[in-house]
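Q: Listed here are the chains, written in short residue letters.
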Amino acid sequence: MYEEKILIRSHHVTSSRQLSFSRLLEFFQDATINRLEELGVGRDRTLDKGLLWVIARQKTEIRRMPVYDETVTLRVWALETMHILFPWQYEVEAEGEVVISGSAVWALIDREERHFVFPEKHEIYIEGERPGQPSLASYRHDFSAEAEVTHLKPRYVDLDLNGHVNNCRYFDIIWDLLPRQMQTISHPVRLEAEYLREVCSGEWLEIYHEESAGAWHFEGRSLDPRFRIRITPI
Amino acid sequence: MAKLTRDEIREKTIEIIKRSIPELAGAELTEESAVTTGMGLDSMNFILVICTLESEFGVKIPDRLWGRLHTLGQVIDAIEKYS
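Line by line, the protein sequences are chains W and P. Residue numbering for the first sequence follows the working numbering, starting at 1 and increasing by one per position. Residue numbering for the second sequence follows the working numbering, starting at 1 and increasing by one per position.
Extracted from the complex, chain W is given alone in its bound form:
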């Protein structure tokens, strides 16, 4: 298990002084990369050999969002590998209690062919550090005719070293589309994301979004669905 203490600084938070959700996911991604290095399957075994880590699914439950100047403890550990999928579990502890827990499913792709790769072929093995299995069940929201549609082209700075929009940036995009009262997390919420296809430089996105039965639904499309995000009060 990887553990790190993090002081929430001014550039991590929004105007409400809460840690921004995209920054939280960046913490998770950074911690996972650090854990991969510790487990011996870091950059020299992946990125430097043309293999890129991508995220397929994410699920996060927030009971309280950390705030500016607070020190939190972030933990990440690997769950049992599912053939080509690498599930990870996360938690954030603040003031002695777990305030955020989450999971993510990672996979490896070939940088040139943009195809998923079988990790064993590249001698990439990760042992599960604790029991557990993430939910891989998918969901789909059927948007009503009244759903709003926002058109946008991701910015150059939204692309990461994989050459596509970084998963965290989708949350910056959809956060702008949330009503003001939802932008600050004042009640426990669950955020689920499915990343279906990458969005590359120059591609336009249509973001469908609406509230339905208390949950907020987002779907980014560029002809076909690219990502889905659901925010549900818990």
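Hint data in this document are derived by calculation from the structure and do not stem from the laboratory. Nothing here was measured: the structure is a model prediction, and the numbers come from that model. Mixed in with the good hints there might be a few duds.
[Said to hold, decoys possible] Label-pair distances were calculated between CB atoms; the ranges are:
id, chain 1, residue 1, chain 2, residue 2, range
1, W, Ala137, P, Tyr82, 19 to 29 Å
2, P, Arg6, W, Gln133, 17 to 27 Å
3, P, Tyr82, W, Gly202, 20 to 30 Å
4, P, Arg64, W, His151, 39 to 49 Å
5, P, Gln74, W, Ser212, 17 to 27 Å
6, W, Gly163, P, Tyr82, 15 to 25 Å
7, W, Gly132, P, Tyr82, 22 to 32 Å
Don't be surprised by glycine CBs; every beta carbon is placed ideally from N, CA and C.
Given chain W, put chain P in place with the hints provided.
A: Same frame as chain W, now just chain P:
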């Protein structure tokens, strides 16, 4: 645990596929139904389904067979063979 019959494998496989891919929830799936578009980045649903099937049936379908799974019947064949 008793070995599952082909009918039981088919029934459970269809249930898992429908749970994993909501677009197929109302579809009538037969052994001839297409299930894959390969290993491309647009194939995440297929990959999640196969990994879920492996986990639920306690099998591991060899890497070399993944590219040959084009129909539900072929997926069931593989589960049957390696369980």
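Q: Against this structure, judge whether each hint is valid.
A: Now for the hints, and whether the structure bears them out:
Look at Ala137 (chain W) against Tyr82 (chain P): about 23 Å separates their beta carbons, and that is inside 19 to 29 Å. Checking the proposed 17 to 27 Å range against Arg6 (chain P) and Gln133 (chain W) shows it holds: the Cβ atoms sit about 26 Å from each other. Take Tyr82 (chain P) and Gly202 (chain W): their Cβ atoms lie about 43 Å apart, and the range 20 to 30 Å is violated. Checking the proposed 39 to 49 Å range against Arg64 (chain P) and His151 (chain W) shows it holds: the Cβ atoms sit about 43 Å from each other.
A C-beta distance of roughly 37 Å is found between Gln74 (chain P) and Ser212 (chain W), which places it outside the suggested range of 17 to 27 Å. For the hinted restraint 15 to 25 Å between Gly163 (chain W) and Tyr82 (chain P), the CB-CB distance of approximately 36 Å leaves it violated. Evaluation of the 22 to 32 Å hint for Gly132 (chain W) and Tyr82 (chain P) yields a pass: the beta carbon distance comes to about 24 Å.
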